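A.B. asks: Starting from the given sequences, assemble the full structure and let the hints guide the process.
Protein sequences appear in the order of chains A and B.
By this note's numbering, the letter at position 456 of the first sequence is numbered 458, and the numbering carries on one by one without gaps.
By this note's numbering, the letter at position 12 of the second sequence is numbered 14, and the numbering carries on one by one without gaps.
Treat the hints loosely; a few may be bogus.
Same chains, same label: a pair holds when it works inside one copy or across any pair of copies.
[What the hints assert, rightly or not] Here are the computed lysine-lysine pairs in the DSBU-like style, where the Cα-Cα straight-line distance is at most 30 Å:
no., residue 1, residue 2
1, Lys605, Lys650
2, Lys75, Lys605
3, Lys579, Lys624
4, Lys605, Lys77
5, Lys685, Lys605
6, Lys594, Lys581
7, Lys77, Lys439
8, Lys69, Lys650
9, Lys670, Lys181
10, Lys176, Lys670
11, Lys643, Lys75
12, Lys624, Lys75
13, Lys75, Lys742
14, Lys581, Lys624
15, Lys347, Lys670
16, Lys579, Lys69
17, Lys69, Lys574
18, Lys176, Lys347
19, Lys624, Lys582
20, Lys75, Lys574
21, Lys742, Lys582
Simulated from the structure, these hints should not be mistaken for lab results.
Here the structure is a predicted model, which is why all the values come from computation and not from measurement.
Number of protein chains: 2
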Amino acid sequence: MIKERLIDDSDGESENDQTNILATQIQIPPDDVVPVFRARAVRPQSKYEGLDYDICENQLYENDLMKNEQHLKAKKDFARWIVSLFIGILTALVGCFIAISIEEISYYKYSWLQKAVQQNIIHGDLVMPYIFYVITNALPVMIGSILVTYVEPVATGSGIPLVKCYLNGIKIPKVVRLKTLAVKAVGVITSVCGGLAGGKEGPMVHCGAVIAAGISQGKSSSFNKDFKIFRYFRDDHEKRDFVVCGASAGVAAAFGAPIGGLLFALEEAASFWNQSLIWRTLFSAIVSSFTLNLVLTAYHGLENFTYHGLFNLGEFEALPFEYYELPIFMAMGAFGGLSGALWIKSNTTLNIFREKYIKQKWIRIIEAMMVAAISASFACLMMYLINDCRPLGNDPTLTPVQLFCDDNEYNAAASLWFQTPEQSVRSLFHDPPGSHKITTLLVFVPIYFFLSNITYGLNVSLGIFIPCLLVGAAWGRLVASFMALEFTGVKFINPGKYALIGAAAQLGGTVRMTISLAVILIETTGNIWFALPIILTLTSAKWMGDYFNDGIYDTQIHVANVPFLSWHTPNKLFMTKAKKIMSEDVVCVRMKESVEYIVGILKNTSYHGFPVIDQVADNDRKNGRLRGFILRTQLIVILEKSLFEETKRFWERTISIETFRNEYPRYKTIDEIRISRDKLAQKYTINMEVFMNPSPYKVNQLTSVSRIFMLFRALGLRHLCVVDENNLVTGIITRKDFLK
Amino acid sequence: MIKERLIDDSDGESENDQTNILATQIQIPPDDVVPVFRARAVRPQSKYEGLDYDICENQLYENDLMKNEQHLKAKKDFARWIVSLFIGILTALVGCFIAISIEEISYYKYSWLQKAVQQNIIHGDLVMPYIFYVITNALPVMIGSILVTYVEPVATGSGIPLVKCYLNGIKIPKVVRLKTLAVKAVGVITSVCGGLAGGKEGPMVHCGAVIAAGISQGKSSSFNKDFKIFRYFRDDHEKRDFVVCGASAGVAAAFGAPIGGLLFALEEAASFWNQSLIWRTLFSAIVSSFTLNLVLTAYHGLENFTYHGLFNLGEFEALPFEYYELPIFMAMGAFGGLSGALWIKSNTTLNIFREKYIKQKWIRIIEAMMVAAISASFACLMMYLINDCRPLGNDPTLTPVQLFCDDNEYNAAASLWFQTPEQSVRSLFHDPPGSHKITTLLVFVPIYFFLSNITYGLNVSLGIFIPCLLVGAAWGRLVASFMALEFTGVKFINPGKYALIGAAAQLGGTVRMTISLAVILIETTGNIWFALPIILTLTSAKWMGDYFNDGIYDTQIHVANVPFLSWHTPNKLFMTKAKKIMSEDVVCVRMKESVEYIVGILKNTSYHGFPVIDQVADNDRKNGRLRGFILRTQLIVILEKSLFEETKRFWERTISIETFRNEYPRYKTIDEIRISRDKLAQKYTINMEVFMNPSPYKVNQLTSVSRIFMLFRALGLRHLCVVDENNLVTGIITRKDFLK
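C.D. replies: Okay, structure coming up:
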């Protein structure tokens with residue numbers, strides 16, 4: 003008998019964490035009862051399961067709807083709006099907390115370092131400041147890395163791949179838990195303050211998703227507290243819909259781009275158009291943007307409200323471009339794609355190496371600290387060697403460092419380092435021409451490219467939007483400088499514009515996002531004239547980059563073996579039929595099935611859904627007419643609560659859909675359920691009719707894969723039954739079947 | 003035998019227009035062959051049919067794909083991008099043509115009127131100017147109305163309901179024809195220049211849709227010219243996808259809001275997320291916006307590029323709002339909803355009246371001219387009676403009229419009339435406080451409300467966005483004036499801000515658009531701070547308005563009896579089963595069916611699709627296993643080209659999917675096809691296997707309507723087969739079944 007490791011359908015608590023319950027007393031059914039397990043072809047396994055987005059419209063659901071139809075519907079709709087409002091507000095507040103903390107801590111750190119440099123340089127001693135720099139980098143990073151490594155590993159990295167997966171319909175354990183949020187927020191503060199080459203935007207999106215999942219369920223697994231509200235939102239469908247709101251609120255807060263946030267969530271969920279959900283999502287995003295703007299403006303005590311979100315590219319005047327610049331922009335886009343592809347390749351190789359050889363937790367922490375030290379070292383080296391002196395007042399750096407420059411001058415190379423990466427990006431966009439020596443930028447680009455490359459993949463919470471923008475802005479400005487040299491006498495070449503295009507190119511070439519990124523950048527630049535250059539640049543970058551490899555997030559997801567479904571059917575599967583990709587190893591249950599058999603299949607398979615069949619010849623459960631579909635979680639609850647046909651009179655009037663909702667999302671495993679021996683001996687049965695989904699989606703085995711894929715993606719399915727011309731079950735398709 | 007009027011599946015040429023072909027020589031099959039026509043329940047009829055959006059993946063399609071797979075795919079993808087580019091460019095050029103024509107003609111008209119007033123007022127004679135005004139109104143309107151009434155009636159009105167219907171999946175005859183485009187463009191110019199209370203935005207969206215449909219097909223029905231390109235785009239699926247691009251390009255050109263355009267198209271198509279289509283749609287929209295900006299800027303000879311689309315609300319400074327203003331905005335929104343509901347009710351009643359009693363074409367033209375005259379009369383009355391004199395220079399009106407004011411003053415009441423409505427909206431947004439007397443606005447609002455109400459529904463090409471914005475901006479400014487009176491000493495109340503909110507409220511209350519309108523307004527105001535007030539205002543307006551009736555477009559569509567599917571299942575149908583709404587009167591064909599029978603069903607029913615069944619007991623075509631689905635248009639082509647089983651060896655190698663594509667979209671009717679008597683006598687048969695869709699979507703008869711509705715909407719279906727547990731066909735569902 004094949005004993006598969008049972009996969010918990012909860013948010014992924016390993017079985018060790020479960021309290022020790024009396025071992026079940028059931029017997030393993032004899033072989034002839036469950037012959038199907040001696041399968042030749044085993045269904046593809048993955049440790050990641052899908053979300054049950056499809057609504058199970060069984061009799062309990064219908065009863066629930068009919069009970070207090072109008073009243074409950076209005077109440078639920080109102081609750082959805084309230085939850086969306088709070089998702090927006092809380093996401094923004096978390097964003098403010100992160101932004102303000104980073105700002106303040108960075109300011110103190112760099113002011114202190116600046117003073118240390120100024121004081122020590124008189125003695126000609128730069129070793130002390132260097133050591134201070136290393137320490138002020140490594141210490142926060144150590145804290146952040148410890149948190150991520152020991153407290154909540156899921157909080158590592160950007161968080162955007164996790165949110166993408168969740169919206170794609172994949173259940174990654176612990177992705178949307180409060181503990182994850184806490185570690186993520188604190189972690190990103192420590193990482194950015196620790197001078198690592200990264201940003202806070204990706205983590206902000208993840209935070210938004212967690213907040214949404216958390217509020218909407220009205221209970222916290224981390225704190226084991228149930229507020230007993232929003233019980234009607236306790237299923238995968240509602241939760242995923244709220245995470246759509248949360249992700250868009252996160253993007254809105256991170257970039258000050260609510261419409262970009264909406265499109266990001268839509269692009270990743272990529273299912274069908276749900277008008278009311280999308281309206282609420284836009285509302286969430288706008289509330290998030292607004293709250294963040296309000297709080298940050300109040301915090302900075304500004305008279306006029308000019309703050310436009312965390313990711314403030316600053317205002318661009320109506321700076322149009324010449325028609326001959328468009329091909330240049332496209333070339334820059336292509337270069338960004340190339341550069342991005344290279345970045346992805348090297349980063350992925352490095353991470354695979356890390357996965358294989360750097361396994362111990364304490365070594366990962368040391369590694370993170372070392373990278374922080376390396377960042378400091380490169381910074382100091384660059385500042386020391388390049389004497390890029392500019393008169394004060396030109397650059398709005400908060401902490402200008404004089405170094406070896408004359409009085410009333412500051413070192414422009416140093417100013418790239420002695421501030422947060424985001425502030426550096428802003429400078430590169432807005433500094434007047436000639437603010438940086440060509441050498442400075444020429445050296446900075448490969449250094450930062452290298453640093454960001456070794457940083458992404460560390461056990462820290464950090465995103466890659468800002469480093470990509472920074473590298474791109476730097477080489478973009480370089481392009482402008484070269485053009486100014488080459489084509490003197492030509493109309494004025496605005497370096498800020500080229501910095502913007504370079505940033506878009508590099509970012510687009512790395513993350514390969516199209517629609518949402520275009521809209522985010524258009525919104526953030528606040529200038530509709532840049533829409534065309536931006537979209538051309540991103541398209542070039544994507545086409546060039548896609549020639550070599552996938553975007554960084556998709557690559558990460560692929561390397562992690564997550565069954566992620568892209569937007570289009572894989573090319574080679576285009577005209578294949580369902581029959582070819584389906585799993586023939588499908589385990590069915592009869593409409594009235596014995597408890598013994600149910601227990602057997604739950605114990606001996608790891609499948610999460612079973613077609614319900616009838617008209618079975620003898621015990622041949624392989625050939626039956628499809629009548630419905632039942633989930634493992636439902637069977638678990640049925641067994642746990644003893645909802646048997648024979649004891650119907652006891653539970654018939656008392657159960658409702660709440661019986662099932664209350665168990666969500668932590669269901670017991672089959673091993674934890676006690677079924678008394680006599681029930682098995684008396685051959686109790688379960689009547690699926692009440693509980694099953696009576697109209698599961700099904701396709702004929704000759705349907706093309708492209709059609710099935712579209713259905714799967716559009717409806718957010720987890721299982722799809724395959725039938726023949728007589729409606730007999732011949733196979734089943736889950737997302738993993740598309741990726742074989 | 004029931005003889006239904008055969009509905010042409012073409013773009014709606016009535017049978018009169020068809021050239022007279024020899025009457026077919028077939029005999030009507032005897033009753034016992036087609037017993038099913040004595041149906042008790044007749045399927046719901048509507049003169050509007052659905053689009054065949056679902057791709058028919060039959061053997062011909064597969065052969066075509068396999069033939070030159072990679073090469074053709076790349077070629078098609080490239081072609082799609084080229085078409086999208088040109089959709090954007092051409093839509094913008096048409097927009098420029100319309101905008102520039104209106105601007106120039108209006109300027110000349112009002113300058114001339116202004117001079118006429120100035121000259122004649124010295125004599126105290128205002129009758130001549132008045133008569134001139136009436137003539138310069140009525141004449142263009144007469145031209146426009148003649149065009150619309152006699153040349154192309156489909157071009158009447160806004161055009162947005164037609165585009166909504168098309169994206170909804172309904173085939174309205176002649177909606178996307180070149181002739182329609184021409185009449186629309188010229189018509190809207192005449193209407194706006196004729197001083198009617200309307201705007202050009204809706205017609206612009208329609209123009210975009212026509213351009214898209216036109217270019218993508220590579221041929222023109224109006225000019226009977228086939229350029230023989232893009233033949234692979236000749237089906238409903240591709241055409242509708244391109245119309246998505248075109249509609250968004252139209253919105254982008256009309257409002258300078260490409261992202262709003264994208265969301266408008268997505269909201270109306272409301273199907274599943276198609277990544278590449280949406281990327282191209284955004285590209286189209288941005289190209290459209292950019293081209294329009296470029297051309298208009300060049301035309302105006304401006305140094306700096308500030309022009310932001312036709313619908314230029316002008317720049318708003320970062321004008322935030324106080325927290326106590328938010329409830330005021332929401333109240334204004336609610337008032338807008340109320341006011342909009344009233345507007346819709348009266349306009350709809352008037353239009354129903356027109357439909358019943360004003361039927362002759364020449365009377366409609368007279369009516370339009372009368373309304374133009376009435377507009378002029380009201381304007382003159384208002385200008386004459388209200389002496390709202392302001393010092394020159396305050397108001398950037400191009401043609402200020404002095405009337406009874408002192409020298410160096412101008413009549414502000416007149417300035418509301420002596421310019422295009424769009425220019426008036428802009429003034430109301432940007433004029434400094436005190437530019438208009440309260441009396442002026444107090445009188446203007448009901449006048450314009452009334453005028454716009456009697457204008458919409460005339461036989462002219464004209465939209466309602468601008469009149470709604472104008473009315474709303476006026477009463478918004480009134481609110482600001484009242485508040486300034488009441489709360490003197492409170493912080494400065496910016497009337498422009500209130501004008502914007504009032505405009506949003508009135509427009510939202512009338513059209514009840516949410517997502518796309520919010521994004522359009524946010525983009526157009528160019529100020530992210532207004533996102534929150536705008537979304538709150540629109541939400542209030544929608545909730546308040548929806549309490550009374552549907553939005554104007556939806557009401558029009560409903561009154562026209564178009565089988566339009568909204569975003570959500572109708573409430574009362576929520577838990578109903580498929581069985582209840584399906585049409586049991588379904589006509590099936592066997593896998594190998596006699597030509598006689600096929601001809602019979604084509605002649606005697608008006609159905610457009612037939613399930614293909616097998617395992618039929620005797621001749622009982624009612625109970626068969628569903629094997630596929632065949633469309634009327636396919637059967638027509640099969641009969642026309644004699645693709646019979648018995649003559650297979652003649653055509654087997656020569657036909658391909660092109661055989662069917664070439665006939666699109668004008669198929670012959672069954673009456674026009676000659677089938678020789680001997681073929682019938684020899685009992686020729688058609689083998690459906692090659693031609694039919696082998697994997698049609700189907701649902702079990704116990705599936706809930708909400709599930710079916712979602713499937714229908716998400717996949718853009720036209721037919722959905724209903725089967726029982728044994729896969730036997732029991733019924734069929736089309737969109738009309740949802741609306742019973």
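A.B. asks: Look at each hint and say if it fits the structure.
C.D. replies: Hints, one by one, checked against the model:
Taking the closest pair of Cα atoms, Lys605 and Lys650 come within 30 Å of each other only inside a single copy of the chain (25 Å); across copies the shortest separation is 56 Å, beyond that limit. Taking the closest pair of Cα atoms, Lys75 and Lys605 never come within 30 Å of each other, the shortest separation being 39 Å inside a single copy and 47 Å across copies. In this homomeric assembly, Lys579 and Lys624 come within 30 Å of each other (Cα to Cα) both inside a single copy, at 21 Å, and across copies, at 29 Å. Taking the shortest alpha-carbon separations for Lys605 and Lys77, neither the intra-copy value of 40 Å nor the inter-copy value of 52 Å comes in at or below 30 Å.
Taking identical chains as interchangeable, the C-alpha atoms of Lys685 and Lys605 lie at most 30 Å apart only when both belong to the same chain, with a minimum of 18 Å there against 60 Å between chains. In this assembly of identical chains, the alpha carbons of Lys594 and Lys581 lie at most 30 Å apart whether taken from the same copy (28 Å) or from different copies (25 Å). Within a single copy, Lys77 and Lys439 get their C-alpha atoms no closer than 62 Å, and across copies no closer than 46 Å, so neither meets the 30 Å cut-off. When the C-alpha separation of Lys69 and Lys650 is checked against a cutoff of 30 Å, the pair qualifies only within one copy, where the shortest distance is 21 Å, while the shortest distance between copies is 60 Å.
For the homomeric pair Lys670 and Lys181, the shortest alpha-carbon distance inside one copy (22 Å) is at most 30 Å, but the shortest distance between copies (67 Å) is not. In this homomeric assembly, Lys176 and Lys670 come within 30 Å of each other (Cα to Cα) only inside a single copy, at 17 Å, whereas the closest approach across copies is 61 Å. Proximity of Lys643 to Lys75 under the C-alpha cut-off of 30 Å is restricted to the intra-copy arrangement: shortest distance 28 Å within a copy versus 55 Å between copies. Within a single copy, Lys624 and Lys75 get their C-alpha atoms no closer than 41 Å, and across copies no closer than 40 Å, so neither meets the 30 Å cut-off.
Taking the shortest alpha-carbon separations for Lys75 and Lys742, only the inter-copy value of 23 Å comes in at or below 30 Å, while the best intra-copy value is 42 Å. For the homomeric pair Lys581 and Lys624, the shortest alpha-carbon distances inside one copy (16 Å) and between copies (29 Å) are both at most 30 Å. In the homo-oligomer, the alpha carbons of Lys347 and Lys670 never lie at most 30 Å apart, since the shortest distance is 42 Å inside one protomer and 57 Å across protomers. With identical chains, the CA atoms of Lys579 and Lys69 are at most 30 Å apart between copies only, with a shortest distance of 18 Å across copies and 43 Å within one.
Taking CA atoms no more than 30 Å apart as the test, Lys69 paired with Lys574 passes between copies only; the shortest distance there is 14 Å, against 49 Å inside one copy. In the homo-oligomer, the alpha carbons of Lys176 and Lys347 lie at most 30 Å apart inside one protomer (28 Å), although the nearest pairing across protomers, at 53 Å, exceeds that limit. Taking CA atoms no more than 30 Å apart as the test, Lys624 paired with Lys582 passes inside one copy only; the shortest distance there is 18 Å, against 32 Å between copies. With identical chains, the CA atoms of Lys75 and Lys574 are at most 30 Å apart between copies only, with a shortest distance of 13 Å across copies and 45 Å within one.
Taking the shortest alpha-carbon separations for Lys742 and Lys582, only the intra-copy value of 11 Å comes in at or below 30 Å, while the best inter-copy value is 41 Å.
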